[in-house]
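Engineer: Residues per chain, in single letters:
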Amino acid sequence: DTGVSQDPRHKITKRGQNVTFRCDPISEHNRLYWYRQTLGQGPEFLTYFQNEAQLEKSRLLSDRFSAERPKGSFSTLEIQRTEQGDSAMYLCASGLGEGGYTFGSGTRLTVV
Amino acid sequence: DAKTTQPPSMDCAEGRAANLPCNHSTISGNEYVYWYRQIHSQGPQYIIHGLKNNETNEMASLIITEDRKSSTLILPHATLRDTAVYYCIVIGNNRKLIWGLGTSLAVNP
Chain G
1 DTGVSQDPRH KITKRGQNVT FRCDPISEHN RLYWYRQTLG QGPEFLTYFQ NEAQLEKSRL
61 LSDRFSAERP KGSFSTLEIQ RTEQGDSAMY LCASGLGEGG YTFGSGTRLT VV
Chain F
1 DAKTTQPPSM DCAEGRAANL PCNHSTISGN EYVYWYRQIH SQGPQYIIHG LKNNETNEMA
61 SLIITEDRKS STLILPHATL RDTAVYYCIV IGNNRKLIWG LGTSLAVNP
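So the sequences go chain by chain: G and F.
Counting from 1, position 86 in the first sequence corresponds to residue 86 in our numbering; the numbering is continuous, with no gaps.
Counting from 1, position 92 in the second sequence corresponds to residue 92 in our numbering; the numbering is continuous, with no gaps.
None of these hints come from the bench; they were simulated from the model.
One should not assume that every hint holds.
From the derived model, a few chain F residues whose C-beta atoms are all more than 12 Å from chain G [what the hints assert, rightly or not]:
(1) Ala13
(2) Ala17
(3) Asn19
(4) Gln45
(5) Asp67
(6) Arg68
(7) Arg81
(8) Asp82
(9) Ser104
Below, in silico cross-link-like pairs of lysine to aspartate or glutamate (EDC-like), each with a Cα-Cα straight-line distance of 16 Å or less [as the list claims (entries may be wrong)]:
(10) Lys96(F) x Glu56(G)
(11) Lys3(F) x Glu31(F)
(12) Lys52(F) x Asp82(F)
(13) Lys57(G) x Glu44(G)
(14) Lys52(F) x Glu66(F)
(15) Lys11(G) x Glu78(G)
(16) Lys3(F) x Glu56(G)
(17) Lys96(F) x Glu44(G)
(18) Lys14(G) x Asp86(G)
For clarity, every value in this text was computed on a predicted model and none was experimentally measured.
In this text, a Cβ means the ideal position worked out from N, Cα and C, and glycines have one as well.
Please model the entire structure based on the sequences and the hints provided.
Structural biologist: Pasting the structure below:
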């Protein structure tokens, strides 16, 4: 286990469709974060988990977004009824204690 | 969470030291300063972090002023592969990263 894996790397979907992304964190990391990044901006916080508990959700995470981390290991982020404004890079990061977070390579979503 | 201020862009000659400043004047006593960088189309990469002492690792050095209101990331011998956007972030108890726009560093041959 050498890092954080995200799947898929790229996703093109039609407006109105549902999409689901997966993140596999570093195995011993208890914290897992989702961020969204649009072109030219820094990442925006969406939500985070400590083990399986979702401890905080951003106001950016509308009712169409849901995230889970069922067994405190991998996590999924689902977007329902996608809109063009959802087009972005979705980043997952994991961490443990005071150390730096490790980010995955992201899933680039394009809604057409 | 404390906010950070960074210059939008900087240039550096290859082989020279790159000194990237960051202001975090509202930082509180238990908040750490973290630095990440992001190369185009990749996920952010952790560089270094510190609380109040200066820190050094294989990638960089972090100098934090005594009042902790600002810090400087030093890349001692910049290479072309160090061209990236560098983010300075302050993290509090909730461990949530609040990102600004960062500094776009261009290392020139």
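Engineer: Decide, hint by hint, whether the structure agrees.
Structural biologist: Structure-based check of each hint:
1. Consistency note on Ala13(F): stated as away from chain G, and its beta-carbon is indeed over 12 Å from all of that chain's, at 26 Å minimum.
2. The Cβ of Ala17(F) sits about 22 Å from the closest Cβ of chain G, beyond the 12 Å cut-off, so the non-interface label holds.
3. Even its closest Cβ contact with chain G, about 21 Å, leaves Asn19(F) beyond 12 Å, as expected for a residue assigned away from the interface.
4. Not every Cβ of chain G is farther than 12 Å from the Cβ of Gln45(F); the closest lies at roughly 7 Å, contradicting the non-interface assignment.
5. Against the 12 Å criterion, Asp67(F) stays outside the reach of chain G, whose nearest CB is about 22 Å from its own CB.
6. With a minimum CB-CB distance of about 16 Å to chain G, Arg68(F) clears the 12 Å threshold, and the non-interface call stands.
7. The Cβ of Arg81(F) sits about 17 Å from the closest Cβ of chain G, beyond the 12 Å cut-off, so the non-interface label holds.
8. Remark: the non-interface label on Asp82(F) is consistent with the geometry, its nearest Cβ contact in chain G lying 18 Å away (cut-off 12 Å).
9. Distance check on Ser104(F): its Cβ comes as close as 10 Å (rounded) to a Cβ of chain G, failing to clear the 12 Å threshold; non-interface status is violated.
10. Under the criterion of a C-alpha separation no larger than 16 Å, the hint pairing Lys96(F) with Glu56(G) is consistent with the structure, at around 9 Å.
11. Between Lys3(F) and Glu31(F) the CA atoms are separated by roughly 11 Å; this keeps the pair inside 16 Å, and the hint holds.
12. Distance hint between Lys52(F) and Asp82(F) is unfulfilled; the C-alpha atoms sit about 25 Å from each other, more than 16 Å.
13. The hinted pair formed by Lys57(G) and Glu44(G) meets the criterion: a straight-line CA distance of about 12 Å does not exceed 16 Å.
14. Between Lys52(F) and Glu66(F) the alpha-carbon distance is near 7 Å, which keeps this suggested pair within the 16 Å criterion.
15. Between the alpha carbons of Lys11(G) and Glu78(G) the distance comes to roughly 13 Å, so the proposed pair stays at or under 16 Å and holds.
16. The hinted pair formed by Lys3(F) and Glu56(G) fails the criterion: a straight-line CA distance of about 19 Å is larger than 16 Å.
17. With a C-alpha separation of about 10 Å, the suggested pair Lys96(F) and Glu44(G) falls inside the 16 Å cut-off, and the hint holds.
18. At roughly 11 Å between alpha-carbon atoms, Lys14(G) and Asp86(G) fall within 16 Å of each other, so this suggested pair holds.
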